[in-house]
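There are 4 protein chains.
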Amino acid sequence: MNRRETLGIAVVGTGRMGADHVRRIDRVISGARVAAVVDIDRARAEAVAAGVDGCTAYVDADEAMASADVDAVLVASSGAAHEEALLAAFARDLPVLCEKPLTPDAASALRVMEAEVALGHRLVQVGFMRRYDTEYVRLKALLGTGQLGRPLMLHNRHRNVASPPFFTSSMLITDSVAHEVDVTRWLLGHEISAVTVLCPEPSSGAPGGLRDPQFVVLETDGGALSDVEIFVNCGFGYQVQAEAVCERGTARIGDGHELVTNMAGRWGGTIPQDWTERFAQAYDDEVQAWVDATRRGEVTGPSTWDGYAAAAVCEAGVRALETGRRVEVSLAERPGLYGAEV
Amino acid sequence: MNRRETLGIAVVGTGRMGADHVRRIDRVISGARVAAVVDIDRARAEAVAAGVDGCTAYVDADEAMASADVDAVLVASSGAAHEEALLAAFARDLPVLCEKPLTPDAASALRVMEAEVALGHRLVQVGFMRRYDTEYVRLKALLGTGQLGRPLMLHNRHRNVASPPFFTSSMLITDSVAHEVDVTRWLLGHEISAVTVLCPEPSSGAPGGLRDPQFVVLETDGGALSDVEIFVNCGFGYQVQAEAVCERGTARIGDGHELVTNMAGRWGGTIPQDWTERFAQAYDDEVQAWVDATRRGEVTGPSTWDGYAAAAVCEAGVRALETGRRVEVSLAERPGLYGAEV
Amino acid sequence: MNRRETLGIAVVGTGRMGADHVRRIDRVISGARVAAVVDIDRARAEAVAAGVDGCTAYVDADEAMASADVDAVLVASSGAAHEEALLAAFARDLPVLCEKPLTPDAASALRVMEAEVALGHRLVQVGFMRRYDTEYVRLKALLGTGQLGRPLMLHNRHRNVASPPFFTSSMLITDSVAHEVDVTRWLLGHEISAVTVLCPEPSSGAPGGLRDPQFVVLETDGGALSDVEIFVNCGFGYQVQAEAVCERGTARIGDGHELVTNMAGRWGGTIPQDWTERFAQAYDDEVQAWVDATRRGEVTGPSTWDGYAAAAVCEAGVRALETGRRVEVSLAERPGLYGAEV
Amino acid sequence: MNRRETLGIAVVGTGRMGADHVRRIDRVISGARVAAVVDIDRARAEAVAAGVDGCTAYVDADEAMASADVDAVLVASSGAAHEEALLAAFARDLPVLCEKPLTPDAASALRVMEAEVALGHRLVQVGFMRRYDTEYVRLKALLGTGQLGRPLMLHNRHRNVASPPFFTSSMLITDSVAHEVDVTRWLLGHEISAVTVLCPEPSSGAPGGLRDPQFVVLETDGGALSDVEIFVNCGFGYQVQAEAVCERGTARIGDGHELVTNMAGRWGGTIPQDWTERFAQAYDDEVQAWVDATRRGEVTGPSTWDGYAAAAVCEAGVRALETGRRVEVSLAERPGLYGAEV
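One line per chain: the protein sequences are A, B, C and D, in this order. Take the position in the first sequence, starting the count at 1, then add 13; the result is the number in the numbering used here. Take the position in the second sequence, starting the count at 1, then add 13; the result is the number in the numbering used here. Take the position in the third sequence, starting the count at 1, then add 13; the result is the number in the numbering used here. Take the position in the fourth sequence, starting the count at 1, then add 13; the result is the number in the numbering used here.
No wet-lab data here; the hints were simulated from the structure. Be a bit skeptical, because a hint or two may be false.
Intra- or inter-copy, both count: the list cannot distinguish identical chains.
Derived DMTMM-like pairs (lysine to aspartate or glutamate); straight-line CA-CA distance at most 20 Å [as the list claims (entries may be wrong)]: (1) K153 - E335; (2) K113 - E290; (3) K153 - D73; (4) K153 - E260.
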């Protein structure tokens, strides 16, 4: 495929997660477009497709994948439906981004893996999105430098405000701790060899019968421990934290700071060395906002008046610097074109 | 213009900033493409154009704007060249994103403003990108709620590791404090009415003759004060901080925490309520990484093996929960397709 | 004087501050006792004296200083009365701890200084207690190491919840900023050479007519600047912060962290290397609590039961370590002597 | 005993910990004095006694306790010697502060407890000094308010730079985790019912054969879990942290911040409302420094010159406020009496 060609994507499943991916590909992602959406609820698929230029709604995933417009597949249907969608994509040799879990159990996951191995090349990226989170990425990079030495333990906290009504005690493991399972494997580069789960008396904030919170200890084949507090009815917020304890220091993410380390008698974080790092997001959002407004036929953001006012103040500032005195700023009258608001 | 049509942009100036905007539009921004680049250095323009599909190099900005492919202009040339580029864009009624400063002095900025007013509609967005920085946006939003009461003072810190060789004492005002001038006007919604600049004995880390650091006090027509420490050879990092002191509390950004407030006997920040807030960036980067790899014909990221391993561990975890005991995990053999790395 | 002899102190002034010093010398300070209290309000002096063993009440300071029991004087009366008390102590060559301000104006302070110089030796310690605050002490020590280079600027914040009814706009300077005046001189080792005061529109939380907040800029004879936000009706709490900006880094105290530095690409603080540093206060308070209880004829704090329970749990812990298994703890029955509470 | 009488204390054991307690009682503690020190090493006892006025050295603890000067006993000898010293104090009905551990094993602790119960009143305070640490005290107080709801889990971190040469794997439990055992019991008000110890592959920073770090999970009879990371060769510092996870929020101490809570969508800490809270330690240290200097016949701390200079600057400040202008400060010449240093 020519790198410059825009990728046509079929999104399978248009529930909350699928619809959010449709919006993301349509509005945020560069180099791709939503060519097709699939849902067994035809009305829902058509409603989503209606909001996207050149997007067709399907009920059958295989039919969507057969379309000449479709170059790749994003699977966001319920876990139970993943195996079928993945095998259909394999049959057409289409790359797939598959939301987690890959499939609901180890046996079906093994079948999918065997099918991919039979193809002889990878097609699947699993949706463990924490591997793309800036804080986890920085933590992984720091561990990779070897500055802290070998990781010995990983302490994880995973807290949700409240669990949805259908949540069961097992789902704290399969739906929530599943993320820490992947994070542990990825950060440490170990496989997990044993699991222990301890349950304190449940919180009175948890629905009756739900074992919440739980405390999970994972042991790895590299001799490390990873403990997880999972608390899905903590009531106060959504919080995901991790601290890697290594031979020569620790590093922690997720508690309102940037990455914080303990090392050589000091705790703290790094300071960027450059505006490209500090304001990368601001530049991206600025240009995206300008493109979006321009496509709508609008002009928004800082105006010529703002540019003029800054120039006038800076001129006064330079005089203040040169004279060592307070200098008053005088501005032209503000044209109505620029509204009343600064 | 149809919202769905991809915007063709001419980037004027292909120095460090212009080239970075070309990369941004080509790789990050959704709904736009670089149709043209302009530089008085033809070789530089052509080198940049060569890296972008369907992009033409020009020496003359007006010629580029005349192209049928160009719907909008991004001006990233040196400040002295802005007025001419802006007036050329006005002549063709093209929307412009103009890097700061709008122009180097108040008189020329006034001429540009008068030309835009004569057109009768806005065409210009000035590149004060801090208005798009997440931390400043949160601070502005908080001030807008009125929870903290009326702002009385704004304390700003603006620190660079080292200044470039051509930097003069005036440029600390016109190049650096210019950002705080805009931030003060935007956050407070006031115009600036007077400026005082105080200079301590220069740092021995500053080049000879440079008045660095400086301390600038801005007074506003709304009765507020905004003080700015500008220190362009601080040596230790790039740091931009602001604290708004209001009638009922203060709010601070930029020092390794998220937005921190002092209010009603408590200091601290907010906790997100949802994973959509905490992991928005991770989802965006995940999908962008998948699209980029797929367009290159590659499959990267978490593999089917990772999905299978997670399923196997979660199954063991559920058994551990149900039995209250440590459960060992057993995995199938890892196929060579997935490499040696976890 | 023999170092081991207990110091007899006359406390002059038994208002809020004086009474607190009486309590402090009686209950907290080692090696001293309150021998006399003085107040023009005889009843108040007697009430305070009644709570302290061997303490005599006086109306006249000079009479108290004449007592053979009095070795030193602590002046905590109103500022206007300080000059007379200091001169009386000088007449008897008694050491004095004098609450700030030394006297209310420069002329009277000069008279006191001339009298002390005439004596030929120092007798006075002025009550600038911030020089004894752990955070300021650490900041001063850090500046003294030279690690950060020469100090260029000092940013100070001084916030009170609400001002007392008698507070005037001048008192924000003479009563509040007086502390930052001393802190600036002490931290930097410079004299102050000029002062500028800027006032934003007063907060609606300030009493009518009070210029609150104010922004004060001090210039020093060493070429440094020290700016002070003084805000005595901030509404949210009592907050005293300082950031020293030096040639190679900055150091900040007072905002809910320990001393935090910016240096060489890192922000953060130090980690103690030893329990003697981390728990010094706990040991002091533990022993003081034990002494106080014992003198009252009581036994409080962790009991023999607590010691026993810890021993039993640790024994089980060692078995758990040795066997790699969960070990249950069994305790003897808890004797009634130790109450019901753990 | 009359509350005002100074308490005569016998300190048993004059090793590192005992000597530190002697210094503390002599120099820091109000209302007590060291009447006797006891050590089987007579030379060491005498050396310590020589530094304290009116202190007698003994080799035999019982003999020291028989002295009329001794009102109470502080036991700081090795753990194995505690039982005998405690029983001797019981025989004379003397109150005891006994360093932890009470005794080295549960059986001997039980014997001590039975002896005290037989007396019918408490004599022993065990030296679990964390119960007096400001941060733990604040955490306990917060839990007591019920704002956070019932505690469900306690996460503890206990890290030392390096272990002493004689440290064994069991001592990580009996010497180190012993503190968390008490903290868990005290903070939660529960007894501990079971213990599990997990060991990752030891750190290469630990001496050969030492199982370090260890991860200990304590279960309580109140249905809570308390996990402890104990890592006695972490290399970077001494760190003691705890986070209580409750039904409606969490609270954390020990990581370079004051007490930080997660509650109702906010993380953060409290701001003092008053200078008596913020500067309590500074006032105590100021007065102690003055008393100590005066007893040595010296005058230290802020001088009359400092008081005068502050008065002069404040006068200039008031004029700057009144005139809205920069006002220069002029000072008298500095008398030689006050040295050259500000």
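Do the hints match the structure? See the list:
no.: 1; hint: K153 - E335; verdict: neither (50 Å within a copy, 33 Å between copies)
no.: 2; hint: K113 - E290; verdict: between (31 Å within a copy, 19 Å between copies)
no.: 3; hint: K153 - D73; verdict: neither (40 Å within a copy, 47 Å between copies)
no.: 4; hint: K153 - E260; verdict: within (16 Å within a copy, 32 Å between copies)
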